[in-house]
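Participant: Here are the chains, one letter per residue:
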Amino acid sequence: MLSPIEVVLINSLDEGIVYSLDSAADRCGLSRDAVLKAAYMLQEKGFAEVLIEKKRIFSLTGEGKLYLEKGTPEEQLYNLVKKEGSISVERAREIIGRDKVNIAIGWLRKRGIISIENGLIKIKKSASFSERDYLKLIQEGKAVLIPENNLKELLNRKLVDFDEEKEISIKIVKKPAADSKEVLRDITPELLLSGGWRGKEFLKYDVKIPSKTIYTSKIHPYERIIRECRKIFLEMGFTEIKGNYVQSSFWNFDALFQPQDHPARDMQDTFYLQKFTDLEEEFVEKVKQTHLTGWKTGSTGWGGSWSIDTAKRLVLRTHTTAITIHYLARNPEPPVKAFTIDRVYRREAIDATHLPEFEQLEGVVLDKNVGFRHLLGLLKEFFLKMGFEDVRFRPGYFPYTEPSVEPEVYVDGMGWIELGGAGVFRKEVTEPLGIKGKVLAWGLGMGRLAMLRLGMKDLRRLYQPDISWLRELPAIIK
Amino acid sequence: MPVVTLYWDELERMVGKDRQTILSKLPMLGCDIERVEDDHVDVEFFPNRPDLYSVEGVARALRGFLDIEHGQKRYSVSKSDFKIFVEKEVLDVRPHITGCVVKNLKMTDEVIRSLMQVQEDLHWTIGRNRRKMAIGVHDLSRVNFPLRYTAVREDFSFVPLDFDTEMTVGEILRKHPKGIEYGFILKDHSTFPMIIDSKNEAISFPPVINAEKTRVTEGTSNLFIDVTGFDDNVDKALNIVATMFSDRGGEILAVDVIYPDRTETTPNLNPKEMKVPMREVRELLGFEIKADEAILALRRMRFDANTYTDAKTAEPDADITEKKNLEDEYLIVEVPPYRADIMHPWDIIEDVAIGYGYDRILPEYPATNTLGLTHPWNEIRDSVKEIMIGTGFLEVITFTLTNEKVQYKYMRRDATPWKDFVPVQHPLTEEHTIIRTHLLPSLLEVLSLNKHHPMPQRLFEVGDVVIGGLNRLKVAAVSTHSRANFSEIRSVAQTLLKELGIEWEAENDEDRAFIPGRCAEILVNGKSIGKFGEMHPEVLEKFQIFTPVVGIEIDLSDIFDVGEVL
Numbered sequence: 001m002l003s004p005i006e007v008v009l010i011n012s013l014d015e016g017i018v019y020s021l022d023s024a025a026d027r028c029g030l031s032r033d034a035v036l037k038a039a040y041m042l043q044e045k046g047f048a049e050v051l052i053e054k055k056r057i058f059s060l061t062g063e064g065k066l067y068l069e070k071g072t073p074e075e076q077l078y079n080l081v082k083k084e085g086s087i088s089v090e091r092a093r094e095i096i097g098r099d100k101v102n103i104a105i106g107w108l109r110k111r112g113i114i115s116i117e118n119g120l121i122k123i124k125k126s127a128s129f130s131e132r133d134y135l136k137l138i139q140e141g142k143a144v145l146i147p148e149n150n151l152k153e154l155l156n157r158k159l160v161d162f163d164e165e166k167e168i169s170i171k172i173v174k175k176p177a178a179d180s181k182e183v184l185r186d187i188t189p190e191l192l193l194s195g196g197w198r199g200k201e202f203l204k205y206d207v208k209i210p211s212k213t214i215y216t217s218k219i220h221p222y223e224r225i226i227r228e229c230r231k232i233f234l235e236m237g238f239t240e241i242k243g244n245y246v247q248s249s250f251w252n253f254d255a256l257f258q259p260q261d262h263p264a265r266d267m268q269d270t271f272y273l274q275k276f277t278d279l280e281e282e283f284v285e286k287v288k289q290t291h292l293t294g295w296k297t298g299s300t301g302w303g304g305s306w307s308i309d310t311a312k313r314l315v316l317r318t319h320t321t322a323i324t325i326h327y328l329a330r331n332p333e334p335p336v337k338a339f340t341i342d343r344v345y346r347r348e349a350i351d352a353t354h355l356p357e358f359e360q361l362e363g364v365v366l367d368k369n370v371g372f373r374h375l376l377g378l379l380k381e382f383f384l385k386m387g388f389e390d391v392r393f394r395p396g397y398f399p400y401t402e403p404s405v406e407p408e409v410y411v412d413g414m415g416w417i418e419l420g421g422a423g424v425f426r427k428e429v430t431e432p433l434g435i436k437g438k439v440l441a442w443g444l445g446m447g448r449l450a451m452l453r454l455g456m457k458d459l460r461r462l463y464q465p466d467i468s469w470l471r472e473l474p475a476i477i478k
Numbered sequence: 001m002p003v004v005t006l007y008w009d010e011l012e013r014m015v016g017k018d019r020q021t022i023l024s025k026l027p028m029l030g031c032d033i034e035r036v037e038d039d040h041v042d043v044e045f046f047p048n049r050p051d052l053y054s055v056e057g058v059a060r061a062l063r064g065f066l067d068i069e070h071g072q073k074r075y076s077v078s079k080s081d082f083k084i085f086v087e088k089e090v091l092d093v094r095p096h097i098t099g100c101v102v103k104n105l106k107m108t109d110e111v112i113r114s115l116m117q118v119q120e121d122l123h124w125t126i127g128r129n130r131r132k133m134a135i136g137v138h139d140l141s142r143v144n145f146p147l148r149y150t151a152v153r154e155d156f157s158f159v160p161l162d163f164d165t166e167m168t169v170g171e172i173l174r175k176h177p178k179g180i181e182y183g184f185i186l187k188d189h190s191t192f193p194m195i196i197d198s199k200n201e202a203i204s205f206p207p208v209i210n211a212e213k214t215r216v217t218e219g220t221s222n223l224f225i226d227v228t229g230f231d232d233n234v235d236k237a238l239n240i241v242a243t244m245f246s247d248r249g250g251e252i253l254a255v256d257v258i259y260p261d262r263t264e265t266t267p268n269l270n271p272k273e274m275k276v277p278m279r280e281v282r283e284l285l286g287f288e289i290k291a292d293e294a295i296l297a298l299r300r301m302r303f304d305a306n307t308y309t310d311a312k313t314a315e316p317d318a319d320i321t322e323k324k325n326l327e328d329e330y331l332i333v334e335v336p337p338y339r340a341d342i343m344h345p346w347d348i349i350e351d352v353a354i355g356y357g358y359d360r361i362l363p364e365y366p367a368t369n370t371l372g373l374t375h376p377w378n379e380i381r382d383s384v385k386e387i388m389i390g391t392g393f394l395e396v397i398t399f400t401l402t403n404e405k406v407q408y409k410y411m412r413r414d415a416t417p418w419k420d421f422v423p424v425q426h427p428l429t430e431e432h433t434i435i436r437t438h439l440l441p442s443l444l445e446v447l448s449l450n451k452h453h454p455m456p457q458r459l460f461e462v463g464d465v466v467i468g469g470l471n472r473l474k475v476a477a478v479s480t481h482s483r484a485n486f487s488e489i490r491s492v493a494q495t496l497l498k499e500l501g502i503e504w505e506a507e508n509d510e511d512r513a514f515i516p517g518r519c520a521e522i523l524v525n526g527k528s529i530g531k532f533g534e535m536h537p538e539v540l541e542k543f544q545i546f547t548p549v550v551g552i553e554i555d556l557s558d559i560f561d562v563g564e565v566l
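For the record, the sequence lines run as chains A and B. The first sequence begins at 1 in our numbering and counts up one residue at a time. The second sequence begins at 1 in our numbering and counts up one residue at a time.
In short, the hints are calculated from the structure, not lab data. Any given hint could be a false lead.
A few chain B positions that, by computed beta-carbon distances, are all more than 10 angstroms from chain A [stated by the list, open to error]:
#1 V111
#2 K213
#3 G249
#4 R262
#5 E283
#6 L285
#7 D511
#8 S528
Below, computed lysine to any residue pairings styled on SDA-like, alpha-carbon distance capped at 25 angstroms [as the list claims (entries may be wrong)]:
#9 K187/B - K218/A
#10 K218/A - G463/B
#11 K178/B - I258/B
Even for Gly, the Cβ is constructed at its ideal location relative to N, Cα and C.
Chain A extracted, bound-state conformation (with noise of 0.2 angstroms):
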């Protein structure tokens, strides 16, 4: 059984006559590499030959051209000293050139053809030069009219290079039976209105053959993955929130009871921009007695002092806690589920496992009869719709709940890995507020989960992509 580019090569070429690899490509349609391929697989069965020669191309160097133009040395010497009967080795030199000279006086005394006595060159016999003539039917690429001692000396002499080329020829030394009916190939819209294809038999391809790879285009990895928590959170009842990239330091860190000397608001760890902001009024005051006394919340407060200015700096936002407080306050009365998945800023040295900026994911519950075991009862629905069938809890801590916990699951091969943190907010971080009830919050990084789906080593990855791994990944990935 003959696959299509067979068929098509065999009834383009007549059997007996060799055809080059180009006039083939030509006569059936096909590009040099399919023909090349065809012919291959018609040798195998003993359909074709293929037959490949290696040929020398030949070209002139750069002094060859030189002396295509000028002469060799020796016909120059020659043509001097018979011009001026006979020539100091002086003189000639200066005309000719000293190398050349030297070059020449060699090539000539061997042959007889010249003497030199007391410093001067007389001509010793007469002599003709070919080798112009040779030069020129190498340029002319007529280098096969050229007596092989004669070339192998231009060779020698560095006036001639060569490369060598396959040169490859396509023989058909037989064609297969014909059977008695009519065997149809492609299947033509004429073929079809005519009805010419009754009665005939098709022609059997070889399925086993691989077609030509088409890279699809498709969804990135990181999004499937990032669509699938997405999916998990409405199933969950939760309704989508979006915020800026660019936030206020008071809601990514003062309206989470974040101390305004707390080492994470450091120039170190957050990306500052050089402007500030105004903010909104009905939560400032509040806010900032709660840092320092605690206000009506129960608490001793933090002390010390609480500047505005701090809490007006624009930073990119470190957490997106950042937005869920903010569409807390917003939405103060329960019950409120919101959920996001999108870009945060950390100032870290960048690696492997460690990237400037990252997708994390956020959900946040607001009600009134709830408490840290309906917390636990989130996080582990939420897994187990993630895959993750173990899950356990350990104690935690974020500045902003109490009680946290690190939810931890098992993954097989790994054990049990550490899945993002969650926690109660404090009182601290929403009655100033007014936001009535119990938050419950839990977030992960979602490079973390990507390591795990995708088994990825390199989190760069995620963000400059390799086009070759992206046509390469499945769609899905067990």
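For this one, chain A is given, so just place chain B on it according to the hints.
Facilitator: For chain B alone, coordinates are given in the frame of chain A:
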């Protein structure tokens, strides 16, 4: 967050349990185990538990958690005649000082090691690198009480630790390693804190360096500890250090600190009392925990607790069950002096949960009833992605942090900081100095890195840019192969805008990123919402791309209502 090194033989001895037991229960106390070795374990505790930065503190916590001893460890402080007089000069430089004396301590290597670790960790965490709090440790026999805590001028001199000649304060700040490291804390002052003894010799220059004369050696058996700073963090740190020495067998003696307006006797190692309603415990934890269970849990965490019922709310002739009105049941909790993190009753309730055991709490999915809702921003984003994929483009995701070179210079465009783009204040590298305002340069960078992969390459990104400090949603696409041309990208524009249901017009545009005469502006109702065309060869040269590229970029925020963005 500091990592504490705990040596197994010491820890096992102080706890009274073997390392396997300790290792299995430690994480449930609240920590991350970093590394387990044969002779030690490295553990990262949370920054709100500085009392766990020493083997003594960990052992104390574990003995409770592992049910070896419950409830508070009582610490006593003996009265003494030691006094520190605080002079008004220091009150606006570094006003708060506490101190204590430790006697009969065996200064073994273990103790010294522990002291150094806790001092360093406390300096870093509570002390915010010594700024807010600094601890000085002295050989008591070389200290002559009473002490004066005052502020001196730059020319005051003494022999600092590790040196043998006197140096002035100014010289120390300029030349001594510790002066160079910590001098910044005092940079706005012209007078400097100094603790001076009754012989008029300095014993400490907080927060920088002690005097050589009070250096602690192996022979030292009695210590004087000073802690200076600005607020009660000073007391918290002193309590942690004092209890640590007490756990090692030392006797703690008080020091009277005499301010111009009051006297404080430090350390105060008496527990603080806090009232926590059981109702709040149950509401926060989300289940009906009984008072005695809560008390047991707290005792495991080294608190003491008792219940207290406010009987006034019950009617005199109500029956017993009504009288025992759970609503008004309180826990009276005694908080150990070394717990620096208890700010609010909820901090106690977290300890109830930890003592009870997080693994014993039964998770329950909340009944909170709400409906799910997608955000318009993402709905539009997803629709556009679908269209681009259908048109044959591969999705890429890139960084938003970039630099002016790639975003503008390479694109032959100009831009003004803040008007056009947002610059970052202390960038970490030259590559990430601004947030992108355009997507096309990011895509060109991707092409540049993937030259060696088969053509054609058709990529797109739908993502955020930041203009004027606010996020905007954009889509951009590029196509590159040996025959990429204007026609192709115009087809893409036509398809995309048709699928988005948008009527538009093309106008010639002179954006220098594109070849002149081969760039079109997309106008919707007279407003420009995007561009497409053939990229200028100079742009391709800058990006080191050697096949022609056509590109398109559209601002979707301009066309659609993208919803509320906080």
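Participant: Hints first: check each against the structure and report whether it holds.
Facilitator: Structure-based check of all given hints:
1. V111: At roughly 28 angstroms from the nearest Cβ of chain A, V111/B sits farther out than 10 angstroms, so the non-interface label holds.
2. K213: Holds, because the least Cβ-Cβ distance between K213/B and chain A comes to about 33 angstroms, which exceeds 10 angstroms.
3. G249: It holds; G249/B is separated from chain A by about 31 angstroms at its closest Cβ, greater than 10 angstroms.
4. R262: Check passes; 18 angstroms lies beyond 10 angstroms.
5. E283: 6 angstroms, violated
6. L285: The assertion about L285/B is violated, with a minimum of 5 angstroms to chain A.
7. D511: Answer for D511/B: holds, closest chain A Cβ roughly 26 angstroms.
8. S528: Nearest chain A Cβ is 23 angstroms from S528/B, so the label holds.
9. K187/B - K218/A: 58 angstroms, violated
10. K218/A - G463/B: 16 angstroms, holds
11. K178/B - I258/B: Given pair K178/B, I258/B is violated - Cα atoms ~29 angstroms apart, limit 25 angstroms.
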